[in-house]
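This is what each chain is made of:
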Amino acid sequence: MSSLRGHLEHFGLQELLQTLSHSARTGTLQIERDKEKVSIVFETGHITLVRSGSSSRIRLRSILLRGGVVSEEQLLNARQDQQQTGMLLGRALIERGIIDDAQLSQALRLKLEEELFDLFLWESGTFEFFPELLQSAAEDEIQQVTRIQVDPMSIIIEGLRQADEWKLIRDRIKDLRWILKPVDGTHPPAESHSMFMSMDGHRSIDELLSLATSTRFDTCSILYRFIEEGKVREASAGEMIEEARSRKNDRPASSLSLYEALIDRAGSSMGHSLLEEAAECAAHHDHEAQARFLRRAVEILKLNGDGPGAWIRLQRLLILAPGTTEDLQVAWALRQYIPTRRVHSILDDLVRSLRRTGEHRQIVSLLKEAESIRGSDARYWLQLGEEMQRIKDPAAEKCLAQAIRLADKNSPEIALRAERILRELNSDLALHEDDLEQLRQRRNAIDSIKKIRHWSLIGATALCFIICLIQVSSEWRARGLLSAARSIEASTTGISGLTSAALAFERVANEHPWTFAASAGVEASARLTESIDHRLESEKSARSYDLQRERDARKELLGRARKSIQQARDLRNQGDVIGARALLDQLDQSATLVLSEIEIKSILIPVQIESRPTGARVLDSNQKVIGNTPMIVDLTANAESVFFIERSGCRTKTIRLSGDSPPVVQISLVRGPLRTFTLPSPVQNAVLAGDFLVLSGRDGQVRVVDVNQLHVIGEHIVGIDGHPAALLVEKKGEVLAVPYSGRAVIVEPEGDLRALGPTATAPWTAACSLDAGWVLADAAGLVVHLDSGGKTIWEFHCDAPVILMSPSTSGGLYVIDQTRLQHEINASGKPTGPAIRLPGEVNQLLPDGRALLQDGTLWSHRTKTVGPAPSTSLRHQGLIDYYGTKGGWATVTGSITEEHKSPYGAACAPLSAAGDGASTWVAGVDGILRLHDSNDEIAREVELGAAAVNLQRSRQGRILVTLADGRLCDVEELEK
Amino acid sequence: MISTALLTISILATCCGSDLITADELALTDGSLAHLQGRVGDRIGNTIHLDGWSALVKVAPLVKIPRRGRKDRPMLLDLWLVKNDQGWSIIQAVPVGSWEQSLAHHRSRLTDGDLDQRTSILRFLLREAPDSTRQKLWVELESPDTDVRAWIHLGGQFLSGEPILGQTIERLGLQSLAIEQQLFLVEGLWLSKSDYFQRQNLVEVNGKVTDSRRDLLARSSSMKLDKILTSSRTNSVSKVIRSGSTRKSVLAIHGNPGEVTWVQLEDHLVEEWTYHDQVVRLIDGRVFEIDSIE
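If you read the protein sequences in the order shown, they are chains A and B. Using numbering that gives the first Met the number 0, you'd call the opening residue of the first sequence number 0 and step up by one each time. Using numbering that gives the first Met the number 0, you'd call the opening residue of the second sequence number 0 and step up by one each time.
Only true hints are included.
Dumping the calculated DSS-like pairs for lysine-lysine here, alpha-carbon to alpha-carbon at most 27 Å:
no., chain 1, residue 1, chain 2, residue 2
1, A, Lys397, A, Lys408
2, B, Lys192, A, Lys863
3, B, Lys207, A, Lys829
One side of the interface only, derived from the structure: several residues of chain B facing chain A at Cβ under 8 Å:
no., residue
4, Gln174
5, Leu184
6, Thr209
7, Asp210
8, Gln263
No lab work stands behind these hints, which were simulated from the structure alone. Backbone N, C-alpha and C define an ideal beta-carbon position, used for all residues, glycine too.
Isolated chain A, as found in the complex (with noise of 0.2 Å):
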């Protein structure tokens, strides 16, 4: 609650602060002044605290700045702070010790008189005070609020003699926003020198004002001693009109500031343009300050006469500030200016906002104006008389009865609301009951009116909403087959899908015609059909175009085919078959098609017919001879021609070719084995023992074989199926099978196996027979020596595992290991010196210790004989030594290794033949079994039909073939 108001051209500042001060006053005092509010705390007559707008200029920073306490680093510092924290910057500076509390004090001090020096510059506005309302004081005890204490009557003295001295200056500096500049010619004087240079003839006097570190009185007294002295001058309105448009583009606040400034000078003989350009630059500013601009302009424009251009900014300012009383009421007295319709609303947006207000003699007097512009509209006359009874003007009758009046049948209600005025102020003037009754009917009646085209309307909205609602369905629908209809489109190139693409479009038009997608697709649909059409026309051209071409390749095709069976012709007649058929082969089907059937009887392909051996008689069907093979038939495409073949001391055979068969034909006509027996599995290894053959494969299994009926006798499972093959050694008849793993057997051909020896504790790898036993060795490098019985006579021992072992001449052994050390070892199971190291891998050793290495030397520590590289196992026979060589074979007589060369090579070790030995039976890679004679010439050849793993012969002068695909042999090695 207020306990003194007023205003201060009744009761000055002083007076004010005088009567608080003595009377110990304590309350807020509020001054306000336009939009300036000031609120001066006082605690028992004392002033303690200022607030005001006024602060936004009068800094604390520059205060303390000015008075050298702080440094701007140190400002910046602690606006830090204050940022961070939310203190205010005093308590910051404390918080990091820059000034303490009476410095601070000090400068608020000289904050708080410099806002009270201001205030006695205010000649008008009003004050009101208030006892017990503190300014804030539970928030400025929060953020710590220094409070001082100063006493008025001290400010009051100083306060008056500047108030005295601003009128002076401000006679001279009327307006803060205008710049000054340096009179040419000036010397900078000795005081005040640096307020004198920060004049650069660009800066208004509110800059220069902000860059002072002095008050802003000091500041204002030294401008203006500097004019008084004619030192500085006002700026021209050229000069600030050109620094306005200088500074537009960059700092348009001030530049507007500067136009605001002229504006304000140069009041209604402001330029047209300069009002534009400044307009420009408002546009930029928010639209307060726009709209600031706007009414000055407007002021300006309506004072100029210039009512149109006036109404143009107006325009804009009741966009920018809409329903402001004051700029309604500019609009309203430019009224002859702006279009009718437009004044209407202005008259009743003005109405409105009046009577917000509760102004409503000036809404009489509004109204009153607008009768030459509403005196013909009843609601008018209600109008004004309505405001008029609430002034209680007599006339509000007369307006009344004037609305009943013009109320015309289509306006009762106003007639109706006007009578109901007027009755209430004199019952007299109300109308007759029945035209009252009259009114009435004709208001209902247009309410009933009003009613039916209500219902019309709703039920013609609601029927258009149901024909949207069908015209979406079918439009939705449409376009659900029209995009069938692209699909298909779209899936297909041919003629006949181009077709249903066409028909499924039509159809869109044909089902749904009141639609967009029906539009869409008897377009779509043309446009297929002329496709369709171009296209059959563009086929009809191409079949011809195509037949034509057809038959111009097809004669190109015949002549190529008919010079291909020419060149073959030539080439079978010199000897090229392969050639030859080649060309034929190339004649595809096409090529035939367009010959005639005679040519195509006509072509004779060639086949060479040849034989092994050579030199054989070619008979035809009527065992006629043609000829010796090699040598070339002649047949025809698809009939079938019999050929006998013969030579004497070989097979006869019959063949039959045709025109599908081979380039070359190779007949055998070598003679097979004499007997063929097929084992259950591919065999390994083979020894013979006596007429019976012991064979073993990687199936675990070891077979006896009875050579005289050649026929299984026995099988017995040694090792384990998918283990390397069991070792099979001979000695006087007995076979010791030594499985990769488990124990060794005796087999006994006709009878069972017989355990020997140790069950293996690695795989064992080697396995010989000494005249005392049997040896084994392992992957361990174990070396055993077992008797007959399978006792343990010695062992012995290497460092590595044992990969071959061979008795050795001396009754003793030799062992070589997986590093090529050769070991011997006397019949004692000692060893006979050091172990010699082989330059080589190792292929086999001979009786004498010599050892044969792969790569073809018979090596010992005394000599080293270099002879082809080995391809198969070595057999001794004799004194003699074979093996199988790529090329042919090799035999080892003492330090003599011969090569005997074959084409065919050997699959194993070759065997000498019965009788002088000078003949050798060698199995060829090839398959055949061949008996070379002394000369190394073929004397025989017999087809075995696979490589065969082993030769053997029997007691009966039989060569037994073991075979890798398991099939055993018996061939008669003489020749009946």
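Following the hints, put chain B in place on chain A, whose structure we already have.
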């Protein structure tokens, strides 16, 4: 600390002498200070491996070992080592200026010293030589002063399988000497013992040479015998081989294996069947593990 170390070096160098030797000669050094050239390997705590020296050497505090790039060969270093109760310690390490200088210095020393020392120098030179010059260097090192056995042995060690080794042995007729020095001629190339063993799938265990696959099979299987027995006892009737499949199934699907080896563990037979693309391991005739060969 560093200054103390430098002071120690200077005092010891003055008192004891400090010929520049190779890391391989460290074993032959009697003194307590050694100045040598060598390469160091990865550092483990305050110890580091020195090439040519079997034991780890310590790195004295604050001694910085020049670093190398992750993929680079370590730098050849000039090292000062001091011997104390705990062995040799590096007290200073600086990179060697150039290999050529080092080579020239140590080559000049090949005419002096005993056989062990010369062999050590030869080994050092061949090991530390850049790959591009090693072959040429080995050929050049053959001289009347060189111990031919050591030279051939080192040639085999550092140039195993290189044509130059075979060519030189053939040219000088040193095949017997090469065999004596445990070099192996395989398909025209001379291989070192380790390369030959690797090629033959051999491994040396406690002085005995054995098949590396058997050794590995025995070691790996014995560690998890219970587990593989359990795995092999799974019943499996399937068209693919899996744990529990029998030998018969394996043979039916894959045929005979290329190679077979086996070991006896307690009373169980553990087999390894090698095919071209996989290895199948069985225990007592049932599969317990299948490994594919990359």
